[in-house]
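Undergrad: Full structure from sequences and hints, please.
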Amino acid sequence: MNHNAHRLVLAFAVAALLPACARAESAVGAPAPDFTLPDLAGKAHHLADYKGRVVVLEWVNPNCPFSRRHAEEGTMTRTAAAHSDVVWLGINSTGKKHGDFVTPDKQASYDREHGITYPVLFDSDGKVGHAYGASTTPHMFVIDEQGKVIYRGAIDDDPYGRGKKRTNYVDAALTAHAAGKPVQPASTTSYGCSVKYGG
Amino acid sequence: MVASRLIAGAPGADGTPRLGLHFRLAPEWHVYWKHPGDAGAPPQVAIAVGGAAGGAADGDGTAFQPEILYPAPQRFRLPGGLEALGYAGEVVYPLRLSQTAPAGSTITASVDYVACAVECIPYHDELTVTLLAAASPTEIAEDELLRKWEARLPRPVEAAGVDWRLRYRAGDAPEIELEVVSPGLPSSGGEAPSASAAGVARTAELFLEPAPGATFASPERVADPRAVRFRAAVRPEIAGKAPDPLRVAWTLTDAMARDVALAGVATVPAGGEVGASGEGSNAHADAASRRRRARGSRVPSAVIVALLALVPLTAALVLWLIPDRLPLPAGSPSWLRAAGFLAAAVLVWFAYRLGTLLPADRVGAVELSWLAVALAAQGAASTSTAARRRLWLALALLAAGAGLWAAWSPGMLSP
Numbered sequence: 001m002n003h004n005a006h007r008l009v010l011a012f013a014v015a016a017l018l019p020a021c022a023r024a025e026s027a028v029g030a031p032a033p034d035f036t037l038p039d040l041a042g043k044a045h046h047l048a049d050y051k052g053r054v055v056v057l058e059w060v061n062p063n064c065p066f067s068r069r070h071a072e073e074g075t076m077t078r079t080a081a082a083h084s085d086v087v088w089l090g091i092n093s094t095g096k097k098h099g100d101f102v103t104p105d106k107q108a109s110y111d112r113e114h115g116i117t118y119p120v121l122f123d124s125d126g127k128v129g130h131a132y133g134a135s136t137t138p139h140m141f142v143i144d145e146q147g148k149v150i151y152r153g154a155i156d157d158d159p160y161g162r163g164k165k166r167t168n169y170v171d172a173a174l175t176a177h178a179a180g181k182p183v184q185p186a187s188t189t190s191y192g193c194s195v196k197y198g199g
Numbered sequence: 200m201v202a203s204r205l206i207a208g209a210p211g212a213d214g215t216p217r218l219g220l221h222f223r224l225a226p227e228w229h230v231y232w233k234h235p236g237d238a239g240a241p242p243q244v245a246i247a248v249g250g251a252a253g254g255a256a257d258g259d260g261t262a263f264q265p266e267i268l269y270p271a272p273q274r275f276r277l278p279g280g281l282e283a284l285g286y287a288g289e290v291v292y293p294l295r296l297s298q299t300a301p302a303g304s305t306i307t308a309s310v311d312y313v314a315c316a317v318e319c320i321p322y323h324d325e326l327t328v329t330l331l332a333a334a335s336p337t338e339i340a341e342d343e344l345l346r347k348w349e350a351r352l353p354r355p356v357e358a359a360g361v362d363w364r365l366r367y368r369a370g371d372a373p374e375i376e377l378e379v380v381s382p383g384l385p386s387s388g389g390e391a392p393s394a395s396a397a398g399v400a401r402t403a404e405l406f407l408e409p410a411p412g413a414t415f416a417s418p419e420r421v422a423d424p425r426a427v428r429f430r431a432a433v434r435p436e437i438a439g440k441a442p443d444p445l446r447v448a449w450t451l452t453d454a455m456a457r458d459v460a461l462a463g464v465a466t467v468p469a470g471g472e473v474g475a476s477g478e479g480s481n482a483h484a485d486a487a488s489r490r491r492r493a494r495g496s497r498v499p500s501a502v503i504v505a506l507l508a509l510v511p512l513t514a515a516l517v518l519w520l521i522p523d524r525l526p527l528p529a530g531s532p533s534w535l536r537a538a539g540f541l542a543a544a545v546l547v548w549f550a551y552r553l554g555t556l557l558p559a560d561r562v563g564a565v566e567l568s569w570l571a572v573a574l575a576a577q578g579a580a581s582t583s584t585a586a587r588r589r590l591w592l593a594l595a596l597l598a599a600g601a602g603l604w605a606a607w608s609p610g611m612l613s614p
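Chains as they are written, first to last, in our numbering: chain A, 1 to 199; chain B, 200 to 614.
Errors might be hidden in some of the hints.
Stated by the list, open to error - In silico EDC-like cross-links for lysine to aspartate or glutamate, where the CA-CA straight-line distance does not exceed 20 Å:
no.	chain 1	residue 1	chain 2	residue 2
1	B	Lys233	A	Glu145
2	A	Lys181	A	Glu145
3	B	Lys233	B	Glu408
4	A	Lys165	B	Asp311
5	A	Lys164	B	Glu408
For the record, the hints were derived by calculation from the structure and aren't laboratory data.
TA: Have a look at this one:
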């Protein structure tokens, strides 16, 4: 088989895959896509290892004003502290070539500054973000003990942080789940900056 | 990045103030529609009608939320396959107030919004405008600006005199299909659409708001010379539980004329269809679940069929001819390789475009047929005997036929 034929077949394979690359979304009730991602210290976190515990995934970007506001207000850290049995993982899916990309050192400094003690994982190629359909920072996913998504969407109902009374959807979801009640709402529209995927 | 102001036009017929939130944006920046797409957030406005300068006023200063009206948006493609829906350059959001305010009143708008380019910046502005007693040059200019953007508000489809159909296909890959036939795009017979209507319709875009229990993938245009047709995958919020019935709120731009948008809200049962015939004010809603049987509505346009046939056949030809089927200059076949790569790139582009035109449930089958064609053609190119080459080419044609069937068969296309 000649060299060009190899290239053309490869091109066709790529062509065949392109239309199938539509953005996936992790619906409520569906199994949460498994992943293994490194934290700031390089330690690998494998989602399947947390089976049996409730996991919260929070898409973060220290350069996004929405993420930053919640960090400054302590929205996530307070919610995580109120549900100390829950595994809370931040995920940064910013592409390495994007201006918003921060090195692990800078992310660690940002986390210290804002009292963030939960692991923040790096997903620079965006594969995990795409698998979940994460589109904003912040974007929240709550996964139950069996590994199924039970909430996806916004952290709260106050995009600009100026409401007199906010509903923290993640807190409500964790509280309801702990009480054995159905999560309502189980899905909301997230708000914030777009996830700065690499491509 | 963004300049904002509150503008006032002449009062409405009911005496309520006509206000607008005017944004001018630097290049690359945008603000958001009521459904912002994959990111962002729509603006939030609180209005207070304050004391008039030197006179009494209706307002007591208590803030209330006006209804924000949204002109037809634009679509912005973002990295990672995301999209934002909103406005670039300039926009006026008309505001609908429920209370009157006399001339001389000062109106204050407390506005929260986010503007994005590469970065996003949330803003909070306190904007004021004083309602003038007599039309000044400033008020006349603001009134004209407000009217210009009020004219860009989507018109209710029921009043637009167009035929429209909304179908909801349930199953493992639920999707909706919206078809709108404007007066310039006849729905039946052999009459060709007018050039201007067809030109406008080519730029048509569909915008969908999230539904209770589901969101929608970015709509894909379906080539159809008789209608403006879009399909969009339905993404249930609960896995495997697509809403039934499904509420669909849609806005369609440029289907009738440039800068004219239509909007509709319909509730459609799974496997069913709703719509109306465009007979001016006599438009009526069709019965739910009515199915179209007209063959013309099921067959994809000749363009898609022609492309589906051309792509695999061209691939077979290219693979057969390159490199040893042409007289190559000894030792320097680079030009031919470049031509081969160029042909491959064109084919990749065609493949991608087809992927955006076909509904999701058929793309996979068509893709597989293309791969089979490529492999069979490759076999034809590498074999040394004429009989085997004919066999491989026959297989390539068979695979191409399967691809056409996948895209064209009534069974695949039926709701």
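Undergrad: Does each hint hold? Answer for all of them.
TA: To see whether the hints hold, each was checked on the structure:
1. B:Lys233 - A:Glu145: violated (36 Å)
2. A:Lys181 - A:Glu145: Within the cut-off at roughly 14 Å; holds.
3. B:Lys233 - B:Glu408: Holds. Lys233 (chain B) to Glu408 (chain B) sits at ~8 Å (cutoff 20 Å).
4. A:Lys165 - B:Asp311: Satisfied, since the Cα-Cα distance of roughly 16 Å is no more than 20 Å.
5. A:Lys164 - B:Glu408: Violated: Lys164 (chain A) and Glu408 (chain B) sit about 27 Å apart, past 20 Å.
The structure does not agree with the numbered hints 1, 5 stated previously, though it agrees with the rest.
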